[in-house]
Amino acid sequence: MALIGANGTGKTTILNLLAGLIYPQSGQIFINGFNLHLESIIAKQHIGFLPDPAPLYLELTIREYLQLVAKLHHIPKNEREITIDNIMEDLHLTSYQHYLIGILSKGLKQRIGIAQAMLHSPPVLLLDEPTQGLDPTQIEAFQLLLRERKGNSAIILSTHYLNEVEFLCDHIIHLNHQDVKSYDINHCTA
Amino acid sequence: MISTIAQHEFLKLFKTGKIWKLLAICQFILGLIFYWLMEEYLFKKQQFLLENNSSFGITEEVIHPLLAWTALLFFFITPLLATHSLTQERKTHTLELYLTSPISSAEIIIGKFIGIFLSQIFLLLPVFLMPLLIALQDRLDTGQFLTGFFGLVLLISTNLSIGIFIASFSKEPLIATLAILVSLFLLTLLEWMGRFLMPSLHWVTEFALLYHCKNFLSGLINSRDIIYYGFLSFVFLYLSIVRLNKESHFKKKSWNIN
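Protein chains in written order, with my numbering: chain A, 1 to 190; chain P, 1001 to 1258.
Calculated directly from the structure, the hints in this document are not laboratory data. These numbers come from a predicted model, not from an experiment. You may find that some hints are simply not true.
[Stated by the list, open to error] Calculated cross-link-like contacts (lysine-lysine; reagent style DSS-like; alpha-carbon spacing at most 30 Å):
(1) Lys1015/P with Lys109/A
(2) Lys77/A with Lys109/A
(3) Lys71/A with Lys1246/P
(4) Lys109/A with Lys1091/P
(5) Lys109/A with Lys71/A
(6) Lys1018/P with Lys109/A
(7) Lys1171/P with Lys1018/P
(8) Lys106/A with Lys1171/P
[Said to hold, decoys possible] Cβ-Cβ distance ranges computed for the label pairs, FRET-style:
(9) His37/A with Ala1135/P: 53 to 61 Å
(10) Thr94/A with Phe1028/P: 37 to 45 Å
(11) Asp170/A with Phe1014/P: 42 to 50 Å
(12) Asn152/A with Lys1021/P: 45 to 53 Å
(13) Phe1122/P with Asn152/A: 41 to 49 Å
(14) Lys181/A with Leu1023/P: 56 to 64 Å
The C-beta atom is built at its ideal place from N, Cα and C for all residues, glycine as well.
All chains should be built: construct the whole structure from the sequences, respecting the hints.
Right, here's the structure in full:
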């Protein structure tokens, strides 16, 4: 599902609400059947979130950072290193794994942010402008990776790129300052 | 999970180099104070020896004031480290990693508290070296020194929990550091206020931070002092957990979901 709309219409706010960073004034949010605020720990096990900017510790290497994320998401010890190796390979980070995050380019940092969101293979993946800062080759590789994961995860992303929406999404929510419109991409054109 | 967060906090301070800079500053200042105290002690001792008075203790004259100076120095160090734990993370958006992970606010706060507390103990350890130097040459009251050190550890843990609580409110490291510093000094000034400014309110001295450290520095372990520090640490850590739990409620934007 894609959230599209001009700046300031609330795309990031919706993603923050779904990630549990903002509390709704009324109503409830359920992630895979778990109330995000009453059963937050269980609900958050089902979420992978890439905020903008990505939450990176610049003083750690990529591997150290992903090890920390793996621990925070309770990935069993015996699976941790394999999981990290796989996601680094998927996002072409393996050759940089011992580099400090602080010295890497913006595109690489964004890929590390994507890696931390996808590391524990969450059923719900929330991505706030995921392709921002990536070059065309990296965007293509990332979109293919997301397409692969589409069957296993519900992906909600905010973006400004309509070609990305067309390539990845089945549903679109268009936000503007007056109202919210929802489209099924298979039955209409954006 | 607490150990993961504590380990991360502890190592982060080393990797950013912050702890090494603080260690250097700390040792420089304490080294100067120790030198000054020793010089004064040796001068006094010469005079006492001339007067044939042998009841002159190095622990009381050097170690006791050294630990008191250390306590004062940590009033400046604790705000810097406490700010590093939450305010800095909020500013760099790394706190979001914790807040969107399947871990409780209690685990985050306690993990951060333990990590920073251990780093402060690391900063304190070289203080041991100075009494060790004395012990090689003179008779040192080990009991009084260790009791004083224990009091210092309790004071630091209380300061840190207050610091973490205040840091949990702010997004600006400088403002948070100043707010913690002012709060700690106000809590210390209660003793002075109770004694001199408002003698009718003498009971407020009981709430002063350093007031309860004095017994420890003199070599006395009083359960009332332990309870005071333990209670304050617990209360402020609990309040920090509540504050972090409500983090999402305090965000500027909030939406209706129906």
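Cross-check of the supplied hints:
1. Lys1015/P with Lys109/A: With a Cα-Cα distance of about 19 Å, the restraint between Lys1015/P and Lys109/A holds, given a limit of 30 Å.
2. Lys77/A with Lys109/A: Since the Cα atoms of Lys77/A and Lys109/A sit roughly 25 Å apart, the hinted pair holds (cutoff 30 Å).
3. Lys71/A with Lys1246/P: Given that 30 Å is the threshold and the Cα spacing comes to 24 Å, the pair holds.
4. Lys109/A with Lys1091/P: Judged against 30 Å, a Cα distance of about 17 Å means the pair holds.
5. Lys109/A with Lys71/A: Roughly 20 Å separates the two Cα atoms, so the pair holds.
6. Lys1018/P with Lys109/A: With Cα atoms ~23 Å apart, Lys1018/P and Lys109/A stay inside 30 Å; holds.
7. Lys1171/P with Lys1018/P: Holds, at about 19 Å.
8. Lys106/A with Lys1171/P: holds (24 Å)
9. His37/A with Ala1135/P: 53 to 61 Å: Check passed, 57 Å falls within 53 to 61 Å.
10. Thr94/A with Phe1028/P: 37 to 45 Å: holds (44 Å)
11. Asp170/A with Phe1014/P: 42 to 50 Å: Roughly 47 Å apart at Cβ, these two residues keep to the hinted range, so it holds.
12. Asn152/A with Lys1021/P: 45 to 53 Å: holds (46 Å)
13. Phe1122/P with Asn152/A: 41 to 49 Å: Holds - the Cβ-Cβ distance for Phe1122/P and Asn152/A, about 44 Å, lies within 41 to 49 Å.
14. Lys181/A with Leu1023/P: 56 to 64 Å: The hint (56 to 64 Å, Cβ to Cβ) holds, given that Lys181/A and Leu1023/P are roughly 59 Å apart.
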